[in-house]
Amino acid sequence: AQTVTQSQPEMSVQEAETVTLSCTYDTSENNYYLFWYKQPPSRQMILVIRQEAYKQQNATENRFSVNFQKAAKSFSLKISDSQLGDTAMYFCAFIPRGGSNYKLTFGKGTLLTVNP
Amino acid sequence: GAVVSQHPSRVICKSGTSVKIECRSLDFQATTMFWYRQFPKQSLMLMATSNEGSKATYEQGVEKDKFLINHASLTLSTLTVTSAHPEDSSFYICSARDPDYHGTDTQYFGPGTRLTVL
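First to last, the protein sequences are chains A and B. When the letters of the first sequence are read in order and numbered with this note's numbering, they come out as residues 1 to 116. When the letters of the second sequence are read in order and numbered with this note's numbering, they come out as residues 1 to 118.
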């Protein structure tokens, strides 16, 4: 079974600064996908970024980038130039590639507050 | 692209009544949809996997007779909470798997439904 651990229940950052959210996972799978989802106060889950485990290059989406360390089973999210709208709960998630049940395994989340 | 709608966004009902929640994939066909329950300040808890044209697969501890799931088409799954009780009050979220997005098994989420049972 897979597990996803987010060790920071809460974090805060000043507007325009950079913040990194941590995520580690445990799996025996070799091929898988990792995701960061954002859940703002509206509670709509929004896909922030995804990473294919077989790609060595770290994924980036505008101000969001990841540091994917496969050997260490680490998948951190860096948010640059933080904005007030980045205030949200952030969930790290894992899914094996080619599995038959397509279930996501979520971490417990990190509540990020961006302060003006 | 990859938009998932959910209706209603909020519902209040009396104890003992049934409530139906709809989840639709608007711009893609979803052979697999998922239903989650989320308690305040917690992560998402998977309730069941809904497969088009077949019976849903429920997670351990989820009462399939209380939470009826129907996935009648490639764009619609419904969750019916039968004989609802106050302990069923929660935030319910659906997601749909987009199988064609580079094969990445990405799930896209609906906006959620807040159910309050009086």
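By construction, these hints were calculated from the structure, which means they are not laboratory data. Glycine residues also receive a C-beta, built at the ideal position from the N, C-alpha and C atoms. Any given hint could turn out to be false.
One-sided and incomplete, this derived list gives chain A residues near chain B with beta-carbon spacing under 8 Å [unchecked claim]: (1) Arg43; (2) Gln44; (3) Leu47; (4) Arg50; (5) Ala72; (6) Lys73; (7) Thr87; (8) Phe91; (9) Ile95; (10) Phe106; (11) Lys108; (12) Gly109.
key: Restraint check, 8 Å cut-off on beta carbons, for Gly109/A near chain B   = 5 Å, holds
message = Quick check on Lys73/A please, does its C-beta sit within 8 Å of some C-beta on chain B?
response = Hint violated; Lys73/A Cβ to chain B Cβ min 19 Å, cut 8 Å.
ask   = Is the shortest C-beta separation between Ala72/A and chain B less than 8 Å?
value = 22 Å, violated
query = Quick one, is the Thr87/A hint okay against chain B at 8 Å, beta carbons?
reply = Violated: closest Cβ of chain B sits about 14 Å from Thr87/A, beyond 8 Å.
request  = Would you check whether Arg50/A satisfies its interface hint, that is, whether its CB is within less than 8 Å of any CB in chain B?
outcome  = 6 Å, holds
request  = Using Cβ atoms only, decide whether Phe106/A comes closer than 8 Å to chain B, and label the hint accordingly.
outcome  = 5 Å, holds
key: Per-residue hint verdict: Ile95/A, partner chain B, C-beta under 8 Å   = The hint holds - Ile95/A has a Cβ within 8 Å of chain B, the shortest such distance being about 5 Å.
query = At a threshold of 8 Å, is the proposed contact between Lys108/A and chain B supported by beta-carbon distances?
reply = Status holds, d = 5 Å.
query = Measuring from the C-beta of Arg43/A to each C-beta in chain B, is the shortest one below 8 Å?
reply = This interface hint holds because 5 Å falls under the 8 Å limit.
message = Next item in the hint list is Leu47/A. Is there a CB on chain B closer than 8 Å to its CB?
response = 7 Å, holds
query = Against chain B, is Gln44/A within 8 Å by beta-carbon distance?
reply = 5 Å, holds
task = Have a go at the Phe91/A hint: is there a Cβ in chain B nearer than 8 Å to its own Cβ?
result = 6 Å, holds
Hint check: violations occur at hints 5, 6, 7; the rest are consistent with the structure.
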